[in-house]
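Asks: Note that the protein sequences, when read in sequence, are chains F and P.
Residue numbers are given in my numbering: position 53 of the first sequence equals residue 53, and the series is strictly consecutive.
Residue numbers are given in my numbering: position 24 of the second sequence equals residue 24, and the series is strictly consecutive.
Just so you know, these hints were derived from the structure itself, not from any lab.
Hints are supplied without guarantee of correctness; some may be wrong.
Any copy, or any two copies together, can satisfy a pair, since identical chains are not distinguished.
[Said to hold, decoys possible] Calculated cross-link-like contacts (lysine-lysine; reagent style DSBU-like; alpha-carbon spacing at most 30 Å):
| no. | residue 1 | residue 2 |
| --- | --- | --- |
| 1 | K205 | K85 |
| 2 | K7 | K205 |
| 3 | K85 | K28 |
| 4 | K7 | K203 |
| 5 | K264 | K205 |
| 6 | K7 | K85 |
| 7 | K7 | K201 |
| 8 | K347 | K205 |
| 9 | K264 | K7 |
| 10 | K225 | K378 |
Number of protein chains: 2
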Amino acid sequence: MVNETYKAMLHEKSVIRELSEFAAARGKEIGYGNVFDFSLGNPSVPCPDSYTETVVRLHRREDPVGLHGYSPSTTIPEVREAVAKSLNARFGMEYTGGHIFMTSGAAGALAHALRAVTSPGDRVVVFAPYFPEYRPYVEGCGAVMRVVPADTKAFQINFPALEKILEEDVAAVLINSPNNPSGVVYSEETLQRLANLLREKEKEKGHDIFLISDEPYREIVFDGKSAAYPSRFYDNTLSCYSFSKSLSIPGERIGYVAVHPQCKDADLLVAIMAQISRGIGHNCPSSSIQLAVAQVLEETSDLQVYETNRDLLYDLFTDLGFTVVRPGGTFYIFPKALESDAAAFCKKALDYDLIFVPSDSFGVPGFLRLAYCLDTEKVTRSLPVIRRFVEEQYPDRR
Amino acid sequence: MVNETYKAMLHEKSVIRELSEFAAARGKEIGYGNVFDFSLGNPSVPCPDSYTETVVRLHRREDPVGLHGYSPSTTIPEVREAVAKSLNARFGMEYTGGHIFMTSGAAGALAHALRAVTSPGDRVVVFAPYFPEYRPYVEGCGAVMRVVPADTKAFQINFPALEKILEEDVAAVLINSPNNPSGVVYSEETLQRLANLLREKEKEKGHDIFLISDEPYREIVFDGKSAAYPSRFYDNTLSCYSFSKSLSIPGERIGYVAVHPQCKDADLLVAIMAQISRGIGHNCPSSSIQLAVAQVLEETSDLQVYETNRDLLYDLFTDLGFTVVRPGGTFYIFPKALESDAAAFCKKALDYDLIFVPSDSFGVPGFLRLAYCLDTEKVTRSLPVIRRFVEEQYPDRR
Chain F
1 MVNETYKAML HEKSVIRELS EFAAARGKEI GYGNVFDFSL GNPSVPCPDS YTETVVRLHR
61 REDPVGLHGY SPSTTIPEVR EAVAKSLNAR FGMEYTGGHI FMTSGAAGAL AHALRAVTSP
121 GDRVVVFAPY FPEYRPYVEG CGAVMRVVPA DTKAFQINFP ALEKILEEDV AAVLINSPNN
181 PSGVVYSEET LQRLANLLRE KEKEKGHDIF LISDEPYREI VFDGKSAAYP SRFYDNTLSC
241 YSFSKSLSIP GERIGYVAVH PQCKDADLLV AIMAQISRGI GHNCPSSSIQ LAVAQVLEET
301 SDLQVYETNR DLLYDLFTDL GFTVVRPGGT FYIFPKALES DAAAFCKKAL DYDLIFVPSD
361 SFGVPGFLRL AYCLDTEKVT RSLPVIRRFV EEQYPDRR
Chain P
1 MVNETYKAML HEKSVIRELS EFAAARGKEI GYGNVFDFSL GNPSVPCPDS YTETVVRLHR
61 REDPVGLHGY SPSTTIPEVR EAVAKSLNAR FGMEYTGGHI FMTSGAAGAL AHALRAVTSP
121 GDRVVVFAPY FPEYRPYVEG CGAVMRVVPA DTKAFQINFP ALEKILEEDV AAVLINSPNN
181 PSGVVYSEET LQRLANLLRE KEKEKGHDIF LISDEPYREI VFDGKSAAYP SRFYDNTLSC
241 YSFSKSLSIP GERIGYVAVH PQCKDADLLV AIMAQISRGI GHNCPSSSIQ LAVAQVLEET
301 SDLQVYETNR DLLYDLFTDL GFTVVRPGGT FYIFPKALES DAAAFCKKAL DYDLIFVPSD
361 SFGVPGFLRL AYCLDTEKVT RSLPVIRRFV EEQYPDRR
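The following block holds chain F by itself, in its conformation from the complex (with noise of 0.2 Å):
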């Protein structure tokens, strides 16, 4: 028989998918640029031309037989070395290749640094608002998925909500910095914080706690800040990363996982990951992918779009009297409804051509995602129309 649970999943909907599918049939009627499309977080800023470069030498300069052979099943190690180095240069850490396995995107670290700190049953906290996508990572690997409900203030961490469910015992936290859906990027306190009662509760339970970082935003914050790392406060930490973001190319499936050189069995880990991929058929990330990124580690595409971006729609939104925390980084922003149904809300923008994405499957009601990786054009365009829809719709909001 066909997989049941597997099956059972067909049936449950994606929001995201939903909206970005209405979206595309809106714009088949009245053009797809009349459509003012916040729902989907696909890069709009090209690779840059490096990548592209890179690719192309290597396919006519390369032996192809090494090029596109097998890479050994902990990831091909000149790549490895190559992100170490470029970690430790920026970090200022200590890793080795021995601590990186490439990845196919942040699914793949995340996927795989999971199932490699947990058993099934073992309890994984996550904090609201969080990416959809981790309730399937977390129940894939058997785990039981934890909620701390949201700082809804600024974005940070709840730690009374937090140190109530570590009362339990939990095997892994998992964050996100900066954040999909917020925009908001953790402060030094906060990860000090967080990382101070992780290490207290360890000693306590007397167990390990791991701390799977989820940061494919690393590279894209404002205001000519970086965000910090949170290997740097916390050893038992995996840092999960994709190149999606920072250099555009999100369909090629390439990221990584960094093991912290102090981390628990941090000279296993490596190992165990690859032993992972063995059984779910997953394997390496394509080869000349692999050697490609590798070359261009310290390389983005042009992020200022989004930037630009943020402080068009911030400053709208702000005026407009709405409830914001400003992000300070990724391309999302995360606006309080003008009313406490977030889905009512958003289906009243709908009728204007305004597709926002409503907080209630990132684990938060009451909010609203927009996703601003789009021309500044037609950002700009999106300015008067939300200002009119706002205005016609709620006009007493204040």
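Following the hints, position chain P against chain F.
Replies: Same frame as chain F, now just chain P:
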């Protein structure tokens, strides 16, 4: 705690990997050209120029945001259409794009196909000799692997033994033709008899039995022949393919599952496999590589070298008095060892810098596998060495 199940897997020694590492180390002592390393099934011929040119052209000419954008969860529609069209033309099938799911090589294909049609505890039948990675794929689904003993005369199917196992309830049967490690191609008679038996058992047991057909060597068939296409014989077939061997791009991790249009739940299975990918963080293979292979579906590397090598080795082994079935395809040959302990036989060969893999890890004792994906020059140089080894060590072999 680090996952103990995966940690325990680290201690399982891979015979093939150990031999390959021995060969590399020995190569450092005497020059790798002097080590006759028949251990690894890594293609030795370059990919066709058309593949390289396609990758370069896509990167030079296509919009990078589109080329490197996220694939839909069911993989790229035009790629799926192109694969369906090609298979229909070659094998008289009636696939649509909806029946095709692009995967990370045959490993990804098998892992998804097996998860889609089994539930934990189900039985999956494999045939000795079998590719050792089948065990992690099957057990990774929570299924139980049942092994049909080898037909050591012809390496077709041992039907009496299969019939006995099919008295139990079985969810799926996994075949591999052309076969690693025997090099044998299943005849039409074998496939017809298998299909008849499975249909009979489906009726008797009152449930579907799926045929998972592992076909990475489909294009490497000798003597001007072609391999019979298993899906032609049995409706409940999921055909699992990899471009690793046909295009010599194993590191790029690209293949597919083709679901027979008359298969049970044929219209759901690709969507189910997409759901499976969510939980394992696998998602789609690289977008640019999906798009590239779709443009070279009818091409292969120059595979003639494998047939030349087959002839050289088969002629030698028969001349030396070995019992050996003539390979009809792949780049493997599987002679009977000259003593009952194949490991002891292969160990003696190491003294002559001949690296053969004993058959035990393929589920059958007493044979050896040679992977002859090597330059013909090297195979030619190995012939007198093999002759000397056999004549010195087994003078009384006839």
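Asks: If a hint holds in the structure, say so; if it does not, say that too.
Replies: Each hint, compared with the structure:
no.: 1; hint: K205 to K85; in the structure: neither (35 Å within a copy, 59 Å between copies)
no.: 2; hint: K7 to K205; in the structure: between (39 Å within a copy, 22 Å between copies)
no.: 3; hint: K85 to K28; in the structure: between (48 Å within a copy, 28 Å between copies)
no.: 4; hint: K7 to K203; in the structure: between (42 Å within a copy, 24 Å between copies)
no.: 5; hint: K264 to K205; in the structure: within (16 Å within a copy, 50 Å between copies)
no.: 6; hint: K7 to K85; in the structure: between (44 Å within a copy, 27 Å between copies)
no.: 7; hint: K7 to K201; in the structure: between (39 Å within a copy, 25 Å between copies)
no.: 8; hint: K347 to K205; in the structure: neither (46 Å within a copy, 50 Å between copies)
no.: 9; hint: K264 to K7; in the structure: between (37 Å within a copy, 13 Å between copies)
no.: 10; hint: K225 to K378; in the structure: within (26 Å within a copy, 58 Å between copies)
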